[in-house]
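Colleague: Working from the sequences, and respecting the hints, build out all of it.
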Amino acid sequence: MTRNDSWRTIQENLKMQAAILGGFVAFLWLLEAVDWLIFRGQLDNWGVWPRTAVGLWGILFAPLLHVGFGHLAANTVPFLALGWFVMVRRMSDFFMVTVVTAVVSGLGIWLIAPSGTVHLGASGLIFGYFGFLLLRGYFERSFSSILWSILVLFLYGGMIWGVLPQRYGISWQSHLFGFIGGGLAAYWLTQRRVNGNL
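Numbered by my numbering, the letters in the sequence shown go through residues 3 to 200 in order.
I should point out that these hints are in silico values taken from the structure, not numbers from a laboratory.
Here are the computed distance ranges between Cβ atoms for each label pair: (1) 163 to 11: 36 to 44 Å; (2) 7 to 167: 50 to 58 Å; (3) 117 to 20: 37 to 45 Å; (4) 193 to 169: 36 to 44 Å.
We put the beta carbon where it would ideally sit given N, CA and C, even for glycine.
Modeller: Right, here's the structure in full:
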């Protein structure tokens with residue numbers, strides 16, 4: 003492969019990554035606009051309601067919903083940054099980590115969060131990407147993965163406090179189980195590659 007071919011491949015990958023992340027974020031903003039303009043915030047009821055049958059549906063929808071534009075704006079930049087870090091080596095990792103994190107975070111909320119509360123937002127995914135990037139270095143033990151873990155710890159290490167109980171209105175359960183989901187994804191993907199399944 004020539005240098006021009008390599009550069010072209012890098013450009014194509016960057017365009018694909020930008021399209022995936024940009025498209026996902028654009029959908030989140032469009033959904034929030036529709037909720038605000040048409041449904042007057044009623045879509046927020048599709049979040050995770052702990053230990054209710056309808057709350058299980060929230061596992062699918064909660065990461066897409068936000069309590070207003072301020073909430074969404076706060077999640078947008080870390081979602082883009084950490085999401086891109088996850089997909090830099092393999093775009094397939096991004097989809098796998100997203101699914102595993104959404105399910106683990108949603109189930110964790112459903113099991114232990116206080117009754118009568120609703121939990122929503124992409125922060126569980128963000129903490130999943132954070133956990134994946136930190137723990138991938140531990141599980142893989144490769145130079146590049148450890149380097150990425152150190153970089154993420156340097157840039158976003160303060161996030162770790164978000165897994166602890168905080169003030170009312172912040173779903174630390176989403177953060178904690180999102181982080182755990184990201185760690186599980188890191189372990190699972192590493193084992194699949196070691197066993198030659200990826």
